[in-house]
Amino acid sequence: MLVYIARRIVYVIPIVLSVALVCFMLVHITPGDPLVAILPADASQELANQMRAAYGFDRPLPVQFWLWLWKALNGDLGHSIATGRPVLTEVLRAVGNTVTLAIAAAIIGFTLGLFFGLIAGYFRGTWIDRVATSIAIAGVSVPHYWLGMVLVIIFSVELNWLPAVGAGPGGSSAWGWDWDHIRYLILPAVTTSVIPMGIVTRTVRSLTGDILSQDFVEALRAKGLRETHVFRHVLKNAAPTALAVMGLQLGYMLGGSILIETVFSWPGSGLLLNSAIFQRDLPLLQGTILVLALFFVFLNLIVDVVQAAIDPRIKRT
Amino acid sequence: MRIGINSKAQLFATAMLAVAAMAALPCSGRAESVVRIGMTAADIPRTLGQPDQGLEGNRFAGGTMYDGLTMWDLSSADKPSVIIPGLATEWHVDDKDHTKWIFKLRPAVTFHDGSPFNADAVVWNVDKVLNKEAPQFDVSQVGVTASRMPTLVSARKIDDMTVELTTSEPDSFLPINLVNLYMASPVKWQKFYDAAEGADAKAKSQAAWAAFARDASGTGPWKMSSFTPRERLELVKNENYWDKARVPKVDKMLLLPMPEPNARTAALLSGQVDWIEAPAPDAVAEIKQRGFKIYANEEPHVWPWQFSRIEGSPWNDIRVRKAANLCIDREGMKDGLLAGLMVPATGTYEPGHPWRGNPAFQIKYDLPAAQKLMQEAGYGPNKKLSVKVQTSTSGSGQMLPLPMNEYLQQALAECYFDVKIDVVEWNTLFSVNWRKGAKDPSATGSNAINVTYSAMDPFFALVRFLQSGMAPPVSNNWGYINNPKFDEMVKKARQTFDPAERDKALAELHAASVDDAAFLYVAHDVGPRALSPKITGFVQPKSWLVDFSTMTITP
Numbered sequence: 000m001l002v003y004i005a006r007r008i009v010y011v012i013p014i015v016l017s018v019a020l021v022c023f024m025l026v027h028i029t030p031g032d033p034l035v036a037i038l039p040a041d042a043s044q045e046l047a048n049q050m051r052a053a054y055g056f057d058r059p060l061p062v063q064f065w066l067w068l069w070k071a072l073n074g075d076l077g078h079s080i081a082t083g084r085p086v087l088t089e090v091l092r093a094v095g096n097t098v099t100l101a102i103a104a105a106i107i108g109f110t111l112g113l114f115f116g117l118i119a120g121y122f123r124g125t126w127i128d129r130v131a132t133s134i135a136i137a138g139v140s141v142p143h144y145w146l147g148m149v150l151v152i153i154f155s156v157e158l159n160w161l162p163a164v165g166a167g168p169g170g171s172s173a174w175g176w177d178w179d180h181i182r183y184l185i186l187p188a189v190t191t192s193v194i195p196m197g198i199v200t201r202t203v204r205s206l207t208g209d210i211l212s213q214d215f216v217e218a219l220r221a222k223g224l225r226e227t228h229v230f231r232h233v234l235k236n237a238a239p240t241a242l243a244v245m246g247l248q249l250g251y252m253l254g255g256s257i258l259i260e261t262v263f264s265w266p267g268s269g270l271l272l273n274s275a276i277f278q279r280d281l282p283l284l285q286g287t288i289l290v291l292a293l294f295f296v297f298l299n300l301i302v303d304v305v306q307a308a309i310d311p312r313i314k315r316t
Numbered sequence: 000m001r002i003g004i005n006s007k008a009q010l011f012a013t014a015m016l017a018v019a020a021m022a023a024l025p026c027s028g029r030a031e032s033v034v035r036i037g038m039t040a041a042d043i044p045r046t047l048g049q050p051d052q053g054l055e056g057n058r059f060a061g062g063t064m065y066d067g068l069t070m071w072d073l074s075s076a077d078k079p080s081v082i083i084p085g086l087a088t089e090w091h092v093d094d095k096d097h098t099k100w101i102f103k104l105r106p107a108v109t110f111h112d113g114s115p116f117n118a119d120a121v122v123w124n125v126d127k128v129l130n131k132e133a134p135q136f137d138v139s140q141v142g143v144t145a146s147r148m149p150t151l152v153s154a155r156k157i158d159d160m161t162v163e164l165t166t167s168e169p170d171s172f173l174p175i176n177l178v179n180l181y182m183a184s185p186v187k188w189q190k191f192y193d194a195a196e197g198a199d200a201k202a203k204s205q206a207a208w209a210a211f212a213r214d215a216s217g218t219g220p221w222k223m224s225s226f227t228p229r230e231r232l233e234l235v236k237n238e239n240y241w242d243k244a245r246v247p248k249v250d251k252m253l254l255l256p257m258p259e260p261n262a263r264t265a266a267l268l269s270g271q272v273d274w275i276e277a278p279a280p281d282a283v284a285e286i287k288q289r290g291f292k293i294y295a296n297e298e299p300h301v302w303p304w305q306f307s308r309i310e311g312s313p314w315n316d317i318r319v320r321k322a323a324n325l326c327i328d329r330e331g332m333k334d335g336l337l338a339g340l341m342v343p344a345t346g347t348y349e350p351g352h353p354w355r356g357n358p359a360f361q362i363k364y365d366l367p368a369a370q371k372l373m374q375e376a377g378y379g380p381n382k383k384l385s386v387k388v389q390t391s392t393s394g395s396g397q398m399l400p401l402p403m404n405e406y407l408q409q410a411l412a413e414c415y416f417d418v419k420i421d422v423v424e425w426n427t428l429f430s431v432n433w434r435k436g437a438k439d440p441s442a443t444g445s446n447a448i449n450v451t452y453s454a455m456d457p458f459f460a461l462v463r464f465l466q467s468g469m470a471p472p473v474s475n476n477w478g479y480i481n482n483p484k485f486d487e488m489v490k491k492a493r494q495t496f497d498p499a500e501r502d503k504a505l506a507e508l509h510a511a512s513v514d515d516a517a518f519l520y521v522a523h524d525v526g527p528r529a530l531s532p533k534i535t536g537f538v539q540p541k542s543w544l545v546d547f548s549t550m551t552i553t554p
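Residue numbers (numbering that gives the first Met the number 0), protein chains in the order written: chain A, 0 to 316; chain B, 0 to 554.
Bound conformation, chain A alone (with noise of 0.2 Å):
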């Protein structure tokens, strides 16, 4: 098991990389002036080349994107263009309220994606399949950020039950875990939910329907294991499949939304990467794509060592 996850570890470091080489390429070739933020386009033409060499964007991108990749190695992301803050500070005070709603929806679609998962594949072809199957392709299929939209109408304009933007009376860094900050939670919540909940429910009605028609499910029977029994192992067999395809949403959603987060003013890392790109404010958003790039990478890395200790068969892969 060390072995594989020492090999796993080796793998990850060409993919940092690769990753911060074209997260910085992608933040430069893109058209634009880097201090939009903070030199106007009226700007006279000396005044911006004082302040490009200010900011070293005078110098050649090869040499930018190692003074950038040292720096980021020792731990300092640099400043932010636009606010003067460190980048670091900001990606990790946004990355945390990013994982705050991924936990939260993680909870809600992860467990309705197993519940009708499960369901559907157990009562495959009848009614109670059909429903199920329903709920997962609209939750696939309906646009989150107008999802998010007409919760809000419904549940903020018309019934004022919840808030519709925000994240707390006293914003995120006064969150706490009662019900006058978990009601601006619910919201966002909900809406980002809806796309991870159906891919589950459609991933484990596949896993539970294909199982279910394997010979060892009749063999089970045949020896007279009760249902729930039966069941015990079908989950276990479905657990590896289910389990990465969660990492993955779970990926996904610790990524943040840049649109569902946009709607909501959720300061999480889809708003502060929104930001970034309007203000054109490339330490930023270099910094916050690299962090979440490695999320990302981590992430995936814990999902195949967790793969790998429910089904050994994987090591030997």
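It is possible that part of the hints are untrue.
Sample of chain A residues at the chain B side, in silico, Cβ under 7 Å [said to hold, decoys possible]:
1. 39
2. 42
3. 44
4. 46
5. 48
6. 50
7. 148
8. 151
9. 156
10. 164
11. 228
12. 266
13. 279
Because the hints were derived from the structure by calculation, they are not lab data. Remember, predicted model here, so these are calculated numbers, not experimental data. From the three backbone atoms N, C-alpha and C, an ideal C-beta is built for every residue, glycine too.
Given the coordinates of chain A, work out where chain B should sit on it, guided by the hints.
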């Protein structure tokens, strides 16, 4: 434990007192009045004195906490907003050397931290953006400041209440430009600088500014009380503000970034905020129907087409430029496309503005006259003039760029124009293409560009577009206008130091630019905002900025 009769009596009396005290509470203390505002910005504008995010930044994080030596008069909804004394009570240019200005400072003004405002503070604030050797020099504040006062080079203390400002050339616009230099507290900054660790002066300065942004100190009518980056900025009223007429009537103002228009609208309708900037246009009718108030007023803003005047451009023919200006039914655009949220433009400035002048060419909708001009220029139903305009899908001040340009496309077709629209991402259009000019490949053959502009001060409204020396790469004369008459008029306006005469010279320049049909003038934005009916006393001036001091809110 037993409680005796006396103890019981004491307990009873104490309980009664407590009840009486609780009952008296609402009478003894007035509930704090708070106005919650949803901004269009995705982040809190920088709070350290020189805000980013354009004029919305100045609106919320500039004029609230800080003052300049000069200020805009924001007291009237009807009159144009003009320059008035701020932290300087009077100023004049040196009679012998027109590059030197003397500013007398307002006495008895203190920063929010209690330190005095004086000539040292002015010099310190000029140095923060212009003197690279000063410890407080902050490159991140230079762009948004130095570009707004392009000729200021230094400041010198004459006495505690007098400073001398020097410009690189004689420039009568300096008092107008100085509204953009906000005065931050040097004493407060120095405390942060001294507290910063390390020996590197640059790093300490950066740390001091970061700390200052979290705990700012200016002289403005509002003081920072708390700040959560990207989420909220709380301001409380400055009871000791030097202009007693502008001490805020509301105790606290809470500023929340809400970049998504529908989210802002929902927050207002659900009662989560009391005021939103730029409500979703489709929701205006519903907002009104639910009892909220929509405020709008003509802003010093122009939605134009800026013409290319390079060799071979069809816009070099003044008949074509005038025809385009006469071919647009702006009232139709206002009512049919923008739900009334624009003012038809007949120039950069409208009648009543001191810089309007008396143009002979009257911009209006006159289709026969436009068609006649085009026919005189050699075009007609069978010989259309092909033109191409670059615009964006969105952008600050761009209003509804695509629908508005499509409206122009249809309208101009009636005057024998064949308009092609080249859509470019906003930041690219604004920060790259606009700067590079009509000769650059980035123009992709376009002979007009649609970038809106602020017309608050004469340099940004007129000079940078009309003066030949402002052609790329210097500034935003995108189309390379090269008219010696304009150059002469700019020079005259900049060197006329009597304010009334300067305004007259600017009015002449403006009138000449309208007579020359220098732009296709289309619309002025009206800065719509929606307020709860609980807010009263608010005045929306003809400005990008507003005065938050006058409003009150009922619980």
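For each hint, the structure was consulted:
no., hint, result
1, 39, "holds (5 Å)"
2, 42, "holds (4 Å)"
3, 44, "holds (4 Å)"
4, 46, "holds (6 Å)"
5, 48, "violated (9 Å)"
6, 50, "holds (5 Å)"
7, 148, "holds (6 Å)"
8, 151, "holds (5 Å)"
9, 156, "holds (5 Å)"
10, 164, "holds (5 Å)"
11, 228, "violated (50 Å)"
12, 266, "holds (5 Å)"
13, 279, "holds (6 Å)"
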